[in-house]
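Visitor: Start from the sequences, fold in the hints, and give me the full structure.
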Amino acid sequence: MAAARVLEADDVGRVIGRIAHEILEKSRGSSGVILLGIPTRGVPLARRIADRMASIEGHPVPVGSLDVTMYRDDIGLRGPRPLSATDIPAEGIDDAIVVLVDDVLFSGRTIRAALDAVNDIGRPRAVRLAVLVDRGHRELPIRADHVGKNLPTSLAESVQVHLVETDGVDEVLLGSRDAS
Amino acid sequence: MSAPSSDEAITDASAREIVLRDIRLMGDSQAVDVRFTDGRIAAIGAAAVADAQPEARVIEAAGRIGLPGLVDLHTHLREPGREDTETIETGCQAAALGGFTAVHAMANTQPVADTAGVVEQVWRRGREVGLCDVIPVGAVTVGLSGERLAELGAMAESAAQVRVFSDDGICVSDPLLMRRALEYVKAFDGVIAQHAQEPRLTLGAQMNEGELSGELGLTGWPAVAEEAIIARDVLLAEHVGSRLHVCHLSTRGSVEIIRWAKARGIDVTAEVTPHHLMLTEDLARTYDPLFKVNPPLRSADDVEAVRAGLADGTIDIVATDHAPHAHEDKDCEWSAGAFGMLGLQTAIGVVAATMVEPGNLTWAQVGDRMSFAPARIGRVADHGRPLEVGEPANLVIIDPDAPWEVRADRMASRSRNTPYVERTLPVSVWATFLRGRPTVMAGALT
Amino acid sequence: MKHLLSAADLDREEALTLLDTAEELASVTDRAVKKLPTLRGRTVANLFFEDSTRTRLSFEAAAKRLSADVITFTAKGSSVSKGETLKDTALTLEAMGAQVIVLRHHASGAAQRLAESGWIGASVINAGDGTHEHPTQALLDAYTLRQHLRGGSGDLQGLRVVIVGDILHSRVARSNVALLTTLGARVTLVAPPTLVPVGVESWNCDVTFDFDDSLSDADAVMMLRVQSERMNAAYFPSAHEYSRRYGLDSMRAAQLPDHAVVLHPGPMNRGMEITAEVADGPRALIVDQVANGVSVRMAVLYQVLSSEEGAA
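Protein chains in written order, with the working numbering: chain A, 1 to 180; chain B, 1 to 446; chain C, 1 to 312.
Incorrect hints may have been included.
In silico negatives: residues of chain A with every beta carbon more than 12 angstroms from chain C [claimed, not checked]: (1) Gly13; (2) Arg18; (3) Val147; (4) Ala156.
Derived coverage of chain B by chain C (criterion: at least 3 residues anywhere in the stretch with Cβ under 8 angstroms from a Cβ of chain C; other residues may be distant) [stated by the list, open to error]: (5) 207-215; (6) 284-292; (7) 326-340.
Covered stretches of chain C (chain A as the covering partner; in silico rule of three or more C-beta atoms under 8 angstroms from a C-beta of chain A) [stated by the list, open to error]: (8) 26-33; (9) 36-43; (10) 300-307.
Please keep in mind that the hints were generated in silico from the structure rather than gathered at the bench.
Heads up, the beta-carbon is just placed ideally off N, CA and C, and yes, glycines get one too.
Guide: Okay, here's the thing in structure tokens:
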């Protein structure tokens, strides 16, 4: 099925820039802010946002990754999933403002798992959420603080995020759902 | 000579005389008619029908094969002592369904059959059941303990007229005791049937020793433990001028030793079980004790060698070593499982599949390996006789075109441990006659 | 992967997945809450017919770190009294809610029998069956070797591992030969001729009766406990002769390349197959093995319980 490109490469870049500014605005600077990307594509996104924040503020922003596979609520329903790396910056997350970064916000279950994982790692001052795309259809009371693009979809549609780091190109595609 | 046949008064007129029409005796291509009268073969050929009484029962054999009633030289009937696994009655039912008219009941019962009293008890029970002649085997040593000779003479003279003696289950490993036993039975034309297993080389053994046992982590039962005893025993038999019978031969080396011994004129006979003709050690990969037996299932090369040995007569007979076991002794892990497999009901089918179908034995030769020769070794008077006028009417009718799937619930035995489950055997026993009376007809007990 | 019965069943990809998963799970000990909720509400049953505090505690710790409930059955001694058959005990544990049974048993093939007999529907993890296999031991050995000699990732291509001891009766040896070879290592077995199984020439490894010969190019030496409880004395003339010819002492350890490490599955017979000096020395990774055992067993529990057929 032909997918429509709803975000081009340039759009992705602009959106990342806006999210970086929003985070800085909300936390009044980058002090105490830690970005944790949720694998797979949340990780390069988090790095890019961190780089953008660093170039605005003039000093580096800690960034890491948080694999949530072991916290999912569907263990045993779809076979064992391989684990990705969990890499928490050396300063830890206690009393920090943790911003979780993911590519697509959908049912909210991944973020629920991420909140449980964060809870087991430490006690941040606050946890916020930044996503590239919010496609609706939440199954839990979860909302993002920073959204790149709001994209209302039907359940018959699929959203694909491609990034240069993982897929060779920056784009967001909207297509029909096939057997995925 | 062995025990006289049970004589029941045959009062039913149609039971006194039976005409079998169209039966291929000894597998002969030409079918004939046969008449039984008062327990004997009265006529073969045209006279069978022509001179029959009007009330004679006529049975259409329809071209099926007739062999002399099968004689098993090696069966475990478990009574007395383990009637939970088999009784003389259920064992004889399985035997009749397997085409047997005589079985030798091994002595490792509880109590052991090492006195005239116990063997007579077994013999009498067999007569009572009346489905198959039960010929008790006497133990060689008291309690099978391998220390002193049992009263072999008393057992020979008893009503059971024992001629075959065996500590089967256990090897008579003491060379001096084996020598004495071989010498002693000469007095009454007895034979020692040896379970060849050097105990010191098979401590804790679970399966054939080889690459597979090393891989599976199961203690091996090396071929040399069987061969070394056979080699010793044939030399002893030669030295004392006695005859020897070797139970359940299982290896290539054993066949070669027997061949050598016979060429030398040593009076030795040997048996092979149906399972050693068909099954190999690979079945141990399942760790299912259904396939655990003593001697163990061996390699494909050994199977080839015993088949060739049976074909050329180096191995004289097929004997089942029918060994019933309770469910809990097989429904467990391998090392906790008991050794032994059922064999009476499936024997002729396995021999057909492994020897007749590939052309290694003719039906006439099957008649020799499973009737003439075992009766001769056991000195059984009225079984394993030629199918000729005047001989006792002990006969099995085999349907060569009736394949059947082996299922645990089809076993007449009290136990269910047959290793052939879900296999199809190519021939079925259609009828069995014991002294002219059918014990099995149309594949079912009468 | 519903069951883990033998290391020989694992292909390279499955083995690497387990090791990589263990790698990630190892960092749980660095967290504030040293637990993952993954197996919450699942019950893991330890069914130990053979005495083994070490392995049992390791599986217990692994299960608990994944928030599973653990029930344990240990049979006293090697004789099984009435009612304590493998089948009966397994049925009892399953009736009590166990979704996976971790089995250690003295009969080779017991784990496979339990998995395939149709008695139970639960998953089975082999924690050591007779002299047959001990797959999680091999996994933790491979993990430890990878950690120290391959930077903690990838396979063991080209690694030379020498395994010394009672190979004949050793399930650790069998599992390691299979797994290490699958991961690309080259294994050499060292033992007196009486302690190697018939047919060992067909195994995918080298065999030598000369320990000293194998030292100079070994990357790792794995010493096996010489199990006096399993054999009669005819396997070797005396303990003294055995340790003289096949024991790892400081002199032999000095012949090893500088980077070479020493492993032992435990428990050790100090003075018999290994001297106290070597066991407590800098090359020995025995304590690491124990720690890694928990991570590896967490990975195995996760793989088994999250497989679709294994789902409750």
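Visitor: Compare the structure with each hint and give your call.
Guide: Hints versus structure:
1. Gly13: Since the minimum Cβ distance to chain C is about 32 angstroms, Gly13 of chain A lies beyond 12 angstroms and the statement holds.
2. Arg18: holds, 33 angstroms
3. Val147: Answer for Val147 of chain A: holds, closest chain C Cβ roughly 28 angstroms.
4. Ala156: holds, 26 angstroms
5. 207-215: As far as the region 207-215 of chain B goes, the hint holds, because 7 residues have Cβ atoms under 8 angstroms from chain C.
6. 284-292: holds (count 3)
7. 326-340: holds (count 7)
8. 26-33: Since three or more residues must qualify, the claim that chain A covers the region 26-33 of chain C holds, with 4 doing so at under 8 angstroms.
9. 36-43: holds (count 4)
10. 300-307: With 5 residues in contact (Cβ-Cβ under 8 angstroms with chain A), the coverage given for the region 300-307 of chain C holds.
In summary, the structure agrees with every hint in the numbered list given earlier.
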